[in-house]
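Residue numbers (my numbering), protein chains in the order written: chain W, 1 to 591; chain E, 1001 to 1363.
Heads up, some of the hints might be wrong.
What the hints assert, rightly or not - Pairs of lysine-lysine residues, derived as BS3-like cross-links and limited to a Cα-Cα distance of at most 30 Å, are as follows: (1) E:K1076 to W:K542; (2) W:K542 to E:K1086; (3) W:K514 to W:K125; (4) W:K375 to E:K1076; (5) W:K162 to E:K1188; (6) W:K258 to W:K169; (7) W:K222 to W:K124; (8) W:K514 to W:K417; (9) E:K1177 to W:K258; (10) W:K169 to E:K1188; (11) E:K1086 to W:K375; (12) W:K169 to E:K1186; (13) W:K124 to W:K514; (14) E:K1111 to E:K1031; (15) E:K1031 to W:K542; (16) E:K1086 to E:K1076; (17) W:K258 to E:K1111; (18) W:K162 to E:K1076; (19) W:K542 to W:K375; (20) W:K258 to E:K1186.
Unchecked claim - To give an idea of the chain E side of the interface with chain W (calculated C-beta under 8 Å), a few residues: (21) I1089; (22) T1090; (23) T1096; (24) L1102; (25) S1331.
Hints listed in this document are in silico derivations from the structure and should not be mistaken for laboratory results.
Every residue, glycine too, gets a C-beta built ideally from N, C-alpha and C.
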Amino acid sequence: MPDLSDKTVLNSRLKKSTDNRLLVFLRNYRGFWVIFPVLLILIFLIVYPYFTLIYGSFTSDPPRQLSFSLNALTLEKYQMIFASSQFWSALRNTLVASLGGMVLALVFGVWLAWLTTRTNVMGKKVIGIAAIVPLFLPAFIGALAWSFLGSPQMGIINVFLKEFGLPFKVNIYSMGGIMFVFGLYYTPYVYMFTSGSLSRMDPALEEASAISGASNWTTTFKVTFPLILPAITSSAILVYILMCEVFAVPAILGQPAKLYFVPTVIFNWVRGAPPHDLNLASAMGILLIFVVTILLYIQGRILRKRSYVTVAGKGIRPKEVDLGWARIPCFITALLYLFVAVVLPYIVLIQSALRDYMYIPDVAAFFSTAVMSMKNIQSVFNYSLFWTALRNTIAMAVFVGIVGGMLYLIISYMIHKTKLPGRGLLNYICILPVAVAGLVKGMAYLWAWISLPIGIYGTVWVMILAYISRFTPQGLRAVSSSMVQIHPELEEASRISGSSVAGTIRRILFPLVKPGVFSAVTLVMLLCVRELSTSIFLYTSKSIVMTVLVYDLWESGRWGPVAVTALCLSIVLLGLVILSRTVLKSDLGKK
Amino acid sequence: MLKNKNFNKMIFALLVIMLFSLTAYAEQEGKVVTEEGVFVNDEFIIDRATYLEALAEGDLQLYTAHSLDHEETMIKAFMSHFPAIKVEITRAGGATLHEKMLTEQAAGVLKADVVINSDTNYLQEFYDNGLLLEHLPPSDNLYPEESKIRGYYYPTGASPIVIAYHSMIVSEEDAPKEWIDLGDPKWKGRLGGQRLGGGAMWSMICFLRSQLGVEVIESWGPNDPIMYTSGGGLANALVAGEFSVTNMGLYSGYPMKYDQGAPIELVYPESGCPLYIPAIGLMTLGENTNAAKLFINWYLSVEGQYLLATLRGQYSLRDDVPPIPHVPPLSEINYWIPDPELFLDENLRDTWIQDANRAWGWE
Chain W
1 MPDLSDKTVL
11 NSRLKKSTDN
21 RLLVFLRNYR
31 GFWVIFPVLL
41 ILIFLIVYPY
51 FTLIYGSFTS
61 DPPRQLSFSL
71 NALTLEKYQM
81 IFASSQFWSA
91 LRNTLVASLG
101 GMVLALVFGV
111 WLAWLTTRTN
121 VMGKKVIGIA
131 AIVPLFLPAF
141 IGALAWSFLG
151 SPQMGIINVF
161 LKEFGLPFKV
171 NIYSMGGIMF
181 VFGLYYTPYV
191 YMFTSGSLSR
201 MDPALEEASA
211 ISGASNWTTT
221 FKVTFPLILP
231 AITSSAILVY
241 ILMCEVFAVP
251 AILGQPAKLY
261 FVPTVIFNWV
271 RGAPPHDLNL
281 ASAMGILLIF
291 VVTILLYIQG
301 RILRKRSYVT
311 VAGKGIRPKE
321 VDLGWARIPC
331 FITALLYLFV
341 AVVLPYIVLI
351 QSALRDYMYI
361 PDVAAFFSTA
371 VMSMKNIQSV
381 FNYSLFWTAL
391 RNTIAMAVFV
401 GIVGGMLYLI
411 ISYMIHKTKL
421 PGRGLLNYIC
431 ILPVAVAGLV
441 KGMAYLWAWI
451 SLPIGIYGTV
461 WVMILAYISR
471 FTPQGLRAVS
481 SSMVQIHPEL
491 EEASRISGSS
501 VAGTIRRILF
511 PLVKPGVFSA
521 VTLVMLLCVR
531 ELSTSIFLYT
541 SKSIVMTVLV
551 YDLWESGRWG
561 PVAVTALCLS
571 IVLLGLVILS
581 RTVLKSDLGK
591 K
Chain E
1001 MLKNKNFNKM
1011 IFALLVIMLF
1021 SLTAYAEQEG
1031 KVVTEEGVFV
1041 NDEFIIDRAT
1051 YLEALAEGDL
1061 QLYTAHSLDH
1071 EETMIKAFMS
1081 HFPAIKVEIT
1091 RAGGATLHEK
1101 MLTEQAAGVL
1111 KADVVINSDT
1121 NYLQEFYDNG
1131 LLLEHLPPSD
1141 NLYPEESKIR
1151 GYYYPTGASP
1161 IVIAYHSMIV
1171 SEEDAPKEWI
1181 DLGDPKWKGR
1191 LGGQRLGGGA
1201 MWSMICFLRS
1211 QLGVEVIESW
1221 GPNDPIMYTS
1231 GGGLANALVA
1241 GEFSVTNMGL
1251 YSGYPMKYDQ
1261 GAPIELVYPE
1271 SGCPLYIPAI
1281 GLMTLGENTN
1291 AAKLFINWYL
1301 SVEGQYLLAT
1311 LRGQYSLRDD
1321 VPPIPHVPPL
1331 SEINYWIPDP
1341 ELFLDENLRD
1351 TWIQDANRAW
1361 GWE
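Looking at chain W on its own, in the form it has when it is part of the complex (with noise of 0.2 Å):
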């Protein structure tokens, strides 16, 4: 035995104890360390920002400055909010067409996924492509291509009506019509995460259910839908959380109809309507996280205890559903969506594009040449800015795309793949930006950033940042939905077979995840293309983007060339789905 009283021995020891609780802590933990610089990463693009909104819910004064103070604490906007009969009614408005709308895109996106994944209905490849054509129109321009399709006054589809003797109206200023036109553009997300699952089943389950005497139907509903419940469930809480807080469609359709949401109450509050406070603002637009929290506890609930690992070691084939004569009254169904959610808008942007001023009394002036020219677009081809636009959406989208695909599959991984200390963590960070209505978002990068020594305030790429941080939640849910379903054998067998974990990763599982990795890409670059509330706050005249210029266009009054520039926006998201079909492989519909 040492002599213990010997000092230098004892601090000796007493030196190697602490190296090896160092040791111990650094093994223990050294998964942390991982993680640690991702979670940095996910501070200063989520949390921060979103922290500075909280924050500023709390004060009286907007936090313009990178300073917080315990002492300008207050619960005065929650107050005045809880106490507004326009905040009760606006949130109930909002829950409930947002309910409709969700229940209407779950009933499409899952029908024309079911259709072109399982069954051997007639024109998949059309059905495909009609799902997904509605995300190349932002939900701005939809609602107000539906508002002159179906306005009770002058709606082109009631003048339609009338000429024809039939004797009701459609009146898209109402609770059933804004429930209506959430369920049309919304069904893409429903169809994209619902499809990929389906085509990667399992069909074991399904061909147990055929030969134990179940019809197709029965096999569809008892076992199939049940089977993919995680996609559906998801997509269904997102949707329903997209649609609280998006705001064109019932600040365009409600409005008219003095049917009050939430965004549009925030937009006031915004806008310089009495009571004009930003605080105010922020505090509304936050109460999403409540709505959101309690959602995302629910499908926790039902999503407990469940495998829904649907890829494994075995190759899989799901079987199609024949069926037979009802093989064109489906694709039938699948066109008329095709029909009600894109042609009829565009029908709506080529005329107004091309009409001096968009007036539709009757049907023989729907037909009529007589105020057609070229005149709105020569306009905006001739506007200097337009191009300038075009440019940066384009750089900016695909820019976004590349770097946000990469972090969303690193986080991802992270999350689904690994027993990291803090994945949890990762994971409950990356939803916050979902959960914050988006009117307020702009606010939150503009308060967060702009005090930050770094340089990026005034150029693109705090533009950039904003975007990465706004889409992680759907970026992130894109790669996961393929991700979880990647069954651990498949990286055990790489292991045990020599393996390291980066071959594994590379050889094995990337492989496999990749279709959902460059849909995560072509997604977000769609969202890109789409934005409008974050990039209001942060542009200027070099880093204007086309969605920008479509809403300074609208509030001059100039319908013609937001016609134009909605068209062009539609083309630019057509040609990165191409670019990402042809260079990427990717497959919105298959994720």
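Chain W is fixed; fit chain E onto it per the hints.
Same frame as chain W, now just chain E:
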């Protein structure tokens, strides 16, 4: 590496190009540079010393609430005289622009040289907080006292709020002539309006309430006015026939009627037309003060004012600027400029707008 000889040739070529450019620039139609200073169409714009300093600065940051396409045309016209000064625009709606500027100022990154806001209240707030730099444009005396804070901010133009109706749905005889006529029950469900809050709509409420009485505002309520979020949206909806009559700024109706040929008619009520007046000012925190002075002076000159008036469908408050085609001269309109004390009273503004919202069922 360039050889010395080539380098010299390049420098020579550049000098020749610069000389040619300068000659062309000096001969730019309408602009003359003398010992006294710069003149555009014989109107004095700026003294020579400031002009030369402006050229040396070479850049200008313009923060504006005017629409981008209008501002771009203005800048092109300005740069046709002063191509050495590059103007960068930051554009947003009045309240958003103001918030953005306050945030930038708090963060110490506000570099705006010139601000144009659609709502004078925001310029007044800047003035009160010492954010506007004193600058007396040569045209100072030509602008009415009630439309400016002398030496600090000036009106970029004035757009009367008028009555507009759809000429293919409403006949001239049936059309409303006065503000009180919009309360006629025949317009029930056929009356449109713009969401209240911004400078234009506050001008209107301020006029109706202070000059014609709250009864006029209340009389519109039973007609259940349909609300739109922007002046542009309102104008489009009128043209589309969503409703038949409305109140709107001339800036929305004029381009619709005269540029696009839309079937709308504008009525200037004899009881008065409130003027909606955006304003321009020089910022203290800008780095290009001389370029900013040159820009403001040109913006407020006859040339700048007339061009802006044609773009935005408005009047200049300078008497010597001719009215734009198709509209009566300002002197023939019973226009109303709000008393600044009334217009800038924020508590009154909130109360009156909320009252109007309630009366029109927009709460």
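Checked hints:
1. At roughly 16 Å between alpha-carbon atoms, E:K1076 and W:K542 fall within 30 Å of each other, so this suggested pair holds.
2. Distance hint between W:K542 and E:K1086 is fulfilled; the C-alpha atoms sit about 12 Å from each other, no more than 30 Å.
3. With a C-alpha separation of about 21 Å, the suggested pair W:K514 and W:K125 falls inside the 30 Å cut-off, and the hint holds.
4. The suggested pairing of W:K375 with E:K1076 holds, with an alpha-carbon distance near 21 Å, which does not exceed 30 Å.
5. Among the hinted pairs, W:K162 with E:K1188 is consistent with the structure: their alpha-carbon atoms are about 22 Å apart, no more than 30 Å.
6. Taking the CA atoms of W:K258 and W:K169, the gap is near 19 Å; set against the 30 Å cutoff, the hint holds.
7. A threshold of 30 Å between alpha carbons decides the hint, and for W:K222 with W:K124 the separation of about 24 Å falls inside it, so the pair holds.
8. In summary, the hint linking W:K514 to W:K417 is supported, as the alpha carbons are separated by about 15 Å, within the 30 Å threshold.
9. For the suggested pair E:K1177 and W:K258, the alpha carbons sit about 27 Å apart, so the restraint of at most 30 Å is met.
10. At roughly 19 Å between alpha-carbon atoms, W:K169 and E:K1188 fall within 30 Å of each other, so this suggested pair holds.
11. For the given pair, E:K1086 sits about 29 Å from W:K375 by alpha-carbon distance, which is consistent with the 30 Å threshold.
12. Proximity of W:K169 to E:K1186 is assessed by CA-CA distance (about 22 Å); at most 30 Å being required, the pair is judged to hold.
13. For the suggested pair W:K124 and W:K514, the alpha carbons sit about 23 Å apart, so the restraint of at most 30 Å is met.
14. For the proposed pair E:K1111 and E:K1031, the alpha carbon gap of about 29 Å is at most 30 Å, so the pair holds.
15. Distance hint between E:K1031 and W:K542 is fulfilled; the C-alpha atoms sit about 29 Å from each other, no more than 30 Å.
16. Using a Cα cut-off of 30 Å, the hinted pair E:K1086 and E:K1076 holds, with the two alpha carbons roughly 10 Å apart.
17. Simply put, W:K258 and E:K1111 have alpha-carbon atoms about 40 Å apart, too far for the 30 Å limit, and the pair is violated.
18. Distance restraint check for W:K162 and E:K1076: the Cα-Cα separation of roughly 48 Å exceeds the 30 Å cut-off, and the hinted pair is therefore not satisfied.
19. Restraint check for W:K542 and W:K375: the C-alpha separation of about 26 Å stays at or below 30 Å, so the hint holds.
20. Our distance criterion of 30 Å between C-alpha atoms is met by W:K258 and E:K1186, whose separation comes to about 21 Å.
21. The closest approach between the C-beta of E:I1089 and any C-beta of chain W is roughly 4 Å, which is under the 8 Å cut-off, so the hint is satisfied.
22. With a least beta-carbon distance of about 5 Å to chain W, the hint placing E:T1090 at the interface is held under the 8 Å criterion.
23. Using the Cβ-Cβ criterion of 8 Å, the hint placing E:T1096 at the interface with chain W is satisfied: the shortest such distance is roughly 7 Å.
24. Below 8 Å, beta-carbon pairs count as interface contacts, and E:L1102 has one with chain W at about 6 Å; its hint therefore holds.
25. The criterion of a C-beta within 8 Å of any C-beta in chain W is not met by E:S1331, whose closest approach is roughly 27 Å, and the hint is violated.
Hint compliance for this structure: hints 17, 18, 25 are not met, and every other hint is.
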